[in-house]
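Trainee: Below are the chains, spelled out letter by letter.
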Amino acid sequence: MPFKTLSQTFELLSGSGFLLSNEQKAVVDFSLPLKKTEANLAELWLWGKLVALDGRDYLIAKGTTEPPCVFEGKLQVDEKIYYSQDGVNWLDLAPIDEEMAQRASTLTGFLEGNPGYIYIVEEPAPEPEPSDEPEPPPKPAEEEEEAPEGDAEEAEEPPPPEPLRFEITESARIRFMVEVISFSTNVIPKGFYSITSKNELAPNVLFSGLQYPDKLESYIHGGLGAPLSEDVQGSWTIQYDTFRGLATLRSLMFPGYVFVFKSDTNEFDALYFGTGEANKDMMFMLA
Amino acid sequence: MSVDSTKEAISFLQKTNSIAGGTVYDHLAAVVGKLLEDRPNGPVDLRESSLLVKKTEYVPEDTHVVPPVRQNPLKTASAKEIIELYRTPEPPINASTGEPEEVIPPNEYEVENILAHAAMFSAVGIGFGTTEWYHTMLSMKRLGEDPVKKLQSIRFFGKFYATSADYYVFECIPKTFPDPVADPTDPTVMPQEAPGVGSNACQYYVCTRLGGPVVLLPDVHPTHIVQARALKRLLTGDLKAEVSKLPRFDGCEENYLRAQIARISAGTKLCPNGYYNPPEGEEEGRIVFEKAEDFEAPDPASLAEKENWAHMVQHIKVQGRCVWWAPPEPEEPEEDAPEPEEPEESPPIMSTIDQDVPLPNFNAKKPGAEEEEDEENGPGYAAWTLVQSSALRGEVPGSPAGQVVCMRSNLWPGAITCVSGTSFGNIYVGFGVKYSRFLPPPPPPVKSEYQPPVPEDIDEEDPAAKELLVEAQELPPPPPPPGEEGEEGQEEED
Numbered sequence: 001m002p003f004k005t006l007s008q009t010f011e012l013l014s015g016s017g018f019l020l021s022n023e024q025k026a027v028v029d030f031s032l033p034l035k036k037t038e039a040n041l042a043e044l045w046l047w048g049k050l051v052a053l054d055g056r057d058y059l060i061a062k063g064t065t066e067p068p069c070v071f072e073g074k075l076q077v078d079e080k081i082y083y084s085q086d087g088v089n090w091l092d093l094a095p096i097d098e099e100m101a102q103r104a105s106t107l108t109g110f111l112e113g114n115p116g117y118i119y120i121v122e123e124p125a126p127e128p129e130p131s132d133e134p135e136p137p138p139k140p141a142e143e144e145e146e147a148p149e150g151d152a153e154e155a156e157e158p159p160p161p162e163p164l165r166f167e168i169t170e171s172a173r174i175r176f177m178v179e180v181i182s183f184s185t186n187v188i189p190k191g192f193y194s195i196t197s198k199n200e201l202a203p204n205v206l207f208s209g210l211q212y213p214d215k216l217e218s219y220i221h222g223g224l225g226a227p228l229s230e231d232v233q234g235s236w237t238i239q240y241d242t243f244r245g246l247a248t249l250r251s252l253m254f255p256g257y258v259f260v261f262k263s264d265t266n267e268f269d270a271l272y273f274g275t276g277e278a279n280k281d282m283m284f285m286l287a
Numbered sequence: 001m002s003v004d005s006t007k008e009a010i011s012f013l014q015k016t017n018s019i020a021g022g023t024v025y026d027h028l029a030a031v032v033g034k035l036l037e038d039r040p041n042g043p044v045d046l047r048e049s050s051l052l053v054k055k056t057e058y059v060p061e062d063t064h065v066v067p068p069v070r071q072n073p074l075k076t077a078s079a080k081e082i083i084e085l086y087r088t089p090e091p092p093i094n095a096s097t098g099e100p101e102e103v104i105p106p107n108e109y110e111v112e113n114i115l116a117h118a119a120m121f122s123a124v125g126i127g128f129g130t131t132e133w134y135h136t137m138l139s140m141k142r143l144g145e146d147p148v149k150k151l152q153s154i155r156f157f158g159k160f161y162a163t164s165a166d167y168y169v170f171e172c173i174p175k176t177f178p179d180p181v182a183d184p185t186d187p188t189v190m191p192q193e194a195p196g197v198g199s200n201a202c203q204y205y206v207c208t209r210l211g212g213p214v215v216l217l218p219d220v221h222p223t224h225i226v227q228a229r230a231l232k233r234l235l236t237g238d239l240k241a242e243v244s245k246l247p248r249f250d251g252c253e254e255n256y257l258r259a260q261i262a263r264i265s266a267g268t269k270l271c272p273n274g275y276y277n278p279p280e281g282e283e284e285g286r287i288v289f290e291k292a293e294d295f296e297a298p299d300p301a302s303l304a305e306k307e308n309w310a311h312m313v314q315h316i317k318v319q320g321r322c323v324w325w326a327p328p329e330p331e332e333p334e335e336d337a338p339e340p341e342e343p344e345e346s347p348p349i350m351s352t353i354d355q356d357v358p359l360p361n362f363n364a365k366k367p368g369a370e371e372e373e374d375e376e377n378g379p380g381y382a383a384w385t386l387v388q389s390s391a392l393r394g395e396v397p398g399s400p401a402g403q404v405v406c407m408r409s410n411l412w413p414g415a416i417t418c419v420s421g422t423s424f425g426n427i428y429v430g431f432g433v434k435y436s437r438f439l440p441p442p443p444p445p446v447k448s449e450y451q452p453p454v455p456e457d458i459d460e461e462d463p464a465a466k467e468l469l470v471e472a473q474e475l476p477p478p479p480p481p482p483g484e485e486g487e488e489g490q491e492e493e494d
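So the protein sequences, as listed, match chains A and B. For the first sequence, position 13 matches number 13 in UniProt numbering, and the numbering has no gaps at all. For the second sequence, position 320 matches number 320 in UniProt numbering, and the numbering has no gaps at all.
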């Protein structure tokens with residue numbers, strides 16, 4: 001489970017440069033538990049911070065009403081995602097459907113800082129259905145440009161249909177980013193959670209530590225996921241401080257995600273602090 | 001029952017049950033033993049006894065409970081290094097006299113007020129925990145007091161994340177710069193800038209662990225900067241590691257790290273405009289900074305304007321140097337020699353950041369942006385973002401002279417400059433990569449095949465000359481006609 005207090009999280013994750021400003025740290029310590037009570041959530045934790053262009057960064061928190069349960073071998077999680085730009089008010093991020101997620105995945109660049117900002121995604125229009133009349137003979141595009149005088153038949157061809165424009169709000173894009181990053185990260189020490197008799201995922205009472213905390217095989221994605229060693233090789237860096245018993249994992253696919261695990265108290269936490277974009281050049285950057 | 005059927009019955013009872021791990025025979029024996037031991041009142045309740053036997057049986061198997069890994073007492077080296085930072089080193093004992101040697105007095109140096117700057121950075125949410133800042137400060141103290149290195153001033157440049165260890169970088173100016181590297185034998189090769197000049201204005205010391213050994217990075221060569229611009233690589237944590245073969249990088253990780261430091265410093269080291277008097281020495285590359293006497297603490301509202309921030313480091317030109325270098329003109333200019341290049345004009349030092357080139361925005365057109373496409377810069381992201389320590393309106397009482405205002409770089413994510421009252425600080429915390437897509441270089445042009453040299457004055461009509469031509473083109477001799485091949489063919493087959 002996340003560390004008992006936020007300040008402990010920051011103290012251990014600060015080696016990776018992640019901090020909230022003093023003001024935000026002070027207010028989030030109170031506003032998060034308050035939101036948890038108001039929204040009737042079982043758990044609410046700080047997930048991270050998405051950087052915005054105008055300086056009003058988005059703090060993201062995740063919450064669940066009931067513990068995740070295992071159904072037919074898969075994990076069912078009902079997560080609510082909240083965002084806040086000042087640390088005081090936490091607002092809902094509405095879930096998005098697959099189509100919108102697909103379009104949001106084509107967007108690149110910084111977040112603007114305004115949740116209502118609208119991005120335009122253009123998609124080529126679907127091809128027109130074939131009509132009953134015989135179509136004019138298709139001419140390659142080059143010939144059309146070189147011989148504009150052309151035949152009378154070319155003039156009869158309809159202009160290419162305009163691409164379809166879809167609007168994606170920034171809050172939808174944020175939701176998409178949080179889901180994508182969580183899917184690829186969400187690191188947990190192996191054996192930390194176990195399935196109870198009610199098919200719920202609960203902290204394993206018998207967990208007594210990792211045998212090899214300095215190896216990627218000891219960490220898995222989510223409750224039932226695959227170990228990190230099965231991810232793209234080299235996409236995780238792991239540093240283990242044997243004296244303090246502190247393992248630090250950093251993701252190179254989503255730079256800014258940091259996970260720490262403390263061997264002596266068997267506690268862990270993770271935070272994301274970045275632009276929210278995947279590192280598309282990762283394969284060029286690795287040795 | 002006959003003996004055979006008894007034996008058969010016993011062997012059946014002794015079949016191992018794969019789930020429970022025991023046999024029916026053993027279980028029956030255990031139940032009978034328990035009954036005789038406990039002598040319960042209703043011994044016919046076999047089921048209960050049987051259950052009790054099963055539950056209380058302990059079979060030591062491989063459990064999932066693993067003893068936690070305790071601190072390996074041998075690996076305390078890193079912790080000891082940290083503790084050493086707090087101690088003053090004892091003078092070594094001279095072997096011959098048996099008395100401690102004379103202590104060389106520690107060096108006198110100037111250092112940035114790192115803990116005050118740490119408070120400033122943490123007010124906007126960048127930096128490390130208090131423990132790490134304190135150890136950084138102690139590392140700088142030890143670096144400054146070192147009488148051998150003789151440093152004049154030290155500044156904490158920042159922290160680079162690498163795959164196996166992180167780099168802590170200290171920017172230093174020594175009291176005396178070393179002599180410049182001897183002139184290369186070939187004057188047409190671009191030399192690196194002399195120590196103390198241009199991109200080599202400062203020296204950089206690096207350590208991978210606070211308290212660990214500190215290494216001086218070599219001076220940067222213009223080739224390193226030009227090649228680093230074409231690369232996008234992560235640091236590994238080993239200074240001698242190879243960086244890249246394609247695109248080519250002539251050097252190892254210490255050269256690459258030094259080149260990135262030079263680029264980040266030139267692109268993101270800022271100061272409030274007016275903090276320094278207009279610096280002199282720009283043409284030679286030796287900048288002398290003088291703090292302006294009448295500099296007043298800028299109003300936080302005015303710091304929101306980008307005109308009030310200025311670059312402190314000279315711009316690095318495309319050729320990789322801050323000061324333009326052109327090869328010396330040959331005494332007898334050749335007819336086909338290209339004209340000498342015009343020196344590239346760079347923005348002067350102390351140019352304000354509102355003139356920084358915006359970053360390209362690859363998203364689809366924003367609504368209404370079609371009219372803006374004709375402008376010079378086009379839609380793009382500002383290169384700098386303003387961050388303030390407090391979202392509250394009005395002055396925040398008690399904080400150092402009001403709000404801490406910070407400019408965060410979007411081009412080099414992780415580079416920030418903070419201003420609070422009359423003091424300011426720069427720091428870089430990041431992976432050392434620019435916010436730009438990597439363009440793999442196109443493959444080099446295909447080389448043409450080997451053309452043997454053809455003698456120039458050859459008369460093609462002359463049959464002897466024709467033979468020469470044929471030989472020169474290395475054609476194989478024509479194969480003999482099939483009829484004559486007879487014996488030769490058989491010999492060849494052997």
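The set of hints was computed from the structure by calculation and includes no laboratory data. Each residue gets a CB set at the ideal place from its N, CA and C atoms; glycine is no exception. Honestly, I wouldn't trust all of these hints.
Said to hold, decoys possible - What the simulated footprint calls covered on chain B by chain A, stretch by stretch (three residues with Cβ under 8 Å from a Cβ of chain A suffice, anywhere in the stretch; the number is not a length): (1) 76-90; (2) 98-109; (3) 169-175; (4) 284-293; (5) 409-417; (6) 420-433.
As the list claims (entries may be wrong) - Computed cross-link-like contacts, DSSO-like style, restricted to lysine-lysine with a CA-CA straight-line distance of at most 27 Å: (7) A:K280 / B:K55; (8) A:K215 / B:K240; (9) B:K55 / B:K34; (10) A:K215 / A:K80; (11) A:K190 / B:K75; (12) A:K280 / A:K35; (13) B:K269 / B:K149; (14) B:K149 / B:K291; (15) B:K55 / A:K215; (16) B:K75 / A:K262; (17) B:K291 / B:K150; (18) A:K35 / A:K80; (19) B:K55 / A:K198; (20) A:K280 / B:K245.
Trainee: Of the hints given before, which are not true for this structure?
Mentor: 2, 3, 4, 7, 10, 12 and 15
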